[in-house]
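Asker: Sequence:
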Amino acid sequence: MSARDAAFEFQGSVVLVTGGGSGIGRAVARAFDEAGATVVITGRRSQPLQDVVDASASGRVHALEADVGRLEEVHRLVAEVVATYGKIDVVVSNAGKYVGGSIHEIEESDWRAMLGSNVEGLFNLAKVTFPELERTQGSLVAVSSVSGLRGDWGQAPYNATKGAVSQLVRCLALDWGASGVRVNAIAPSLTDTEATHDLVMDREMATQFAARTALGRLAEPEDMAPAVLFLASRAAAYITGVILPVDGGTSASSGQAHVT
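Numbering follows our numbering, in which position 214 of the sequence shown is assigned residue number 330; successive positions increment by one, without gaps.
Be a bit skeptical, because a hint or two may be false.
[As the list claims (entries may be wrong)] Listed next, the in silico DSBU-like pairs over lysine-lysine satisfying Cα-Cα at most 35 Å (straight line):
id: 1; residue 1: Lys213; residue 2: Lys243
id: 2; residue 1: Lys243; residue 2: Lys203
id: 3; residue 1: Lys203; residue 2: Lys213
[To be verified] Now the in silico label distances, taken between C-beta atoms and shown as ranges:
id: 4; residue 1: Ala171; residue 2: Gln283; range: 33 to 41 Å
id: 5; residue 1: Gly332; residue 2: Gly216; range: 33 to 41 Å
id: 6; residue 1: Gln283; residue 2: Ala195; range: 27 to 35 Å
id: 7; residue 1: Leu290; residue 2: Ser370; range: 26 to 34 Å
id: 8; residue 1: Ala353; residue 2: Glu320; range: 43 to 51 Å
It should be emphasised that the hints constitute simulated quantities derived from the structure, not laboratory data.
Every residue, glycine too, gets a C-beta built ideally from N, C-alpha and C.
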């Protein structure tokens with residue numbers, strides 16, 4: 117094994133992935149599994165989690181139901197993972213919710229749901245897993261969004277929650293760096309997942325989104341997994357507090373019109 121390959125070796129590591137039953141979380145869980153890690157996936161729906169477990173040829177993927185928006189459930193989740201597998205080396209805070217609409221269109225219940233999943237989920241995970249990550253000198257990787265880096269028309273509530281994710285990551289990196297714990301995030305552009313199904317299925321909307329990327333296509337969940345593994349790996353040992361756009365070049369643009 118080369119030094120480069122060894123940097124991405126997760127044999128013996130225990131990885132906790134929230135929202136692991138679908139989309140980006142499922143792709144990330146599979147990638148860590150293939151890299152040799154023991155992977156614990158969590159979410160609120162048992163069947164999608166079990167489907168990911170059943171698809172693992174290694175038998176190293178395990179599922180625990182939990183709502184990370186509830187602090188008491190995160191305490192239970194983390195305690196069970198540590199009791200069963202002995203430690204936690206990597207936390208991937210992926211669970212999230214998307215509801216489009218401007219501030220005067222969106223229902224308060226949807227706003228509360230996004231806050232609970234996107235912001236409180238990361239807050240709770242960070243609060244509870246820090247002692248374990250400090251013990252293993254591990255890292256936390258969150259899933260933010262390009263919408264958490266800049267503004268978008270018609271989705272202020274969603275952008276606000278992802279902006280909070282980005283800022284939590286930056287501040288946690290500062291607070292935890294001296295303890296040897298790294299905190300980073302990826303910032304995907306529109307990715308074809310269950311949460312964004314309606315947008316992706318709208319042909320006109322999907323075409324407009326794809327046209328805003330340098331690569332000319334929407335992202336797939338599998339595009340995100342290698343970036344998460346990199347940020348969690350020894351190859352990124354001196355990287356913390358980074359919000360890494362994985363957006364096909366979307367954020368490379370000034371936002372002005374395409375002039376031909």
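Asker: Does each hint fit the structure? Answer for all of them.
Answerer: Going down the list of hints, with the structure as the test:
1. Lys213 x Lys243: holds (20 Å)
2. Lys243 x Lys203: holds (16 Å)
3. Lys203 x Lys213: holds (28 Å)
4. Ala171 x Gln283: 33 to 41 Å: holds (35 Å)
5. Gly332 x Gly216: 33 to 41 Å: violated (23 Å)
6. Gln283 x Ala195: 27 to 35 Å: holds (28 Å)
7. Leu290 x Ser370: 26 to 34 Å: For Ser370 against Leu290, whose Cβ atoms are near 29 Å apart, the range 26 to 34 Å holds.
8. Ala353 x Glu320: 43 to 51 Å: holds (44 Å)
Hint 5 from the list above is the single one not met by this structure.
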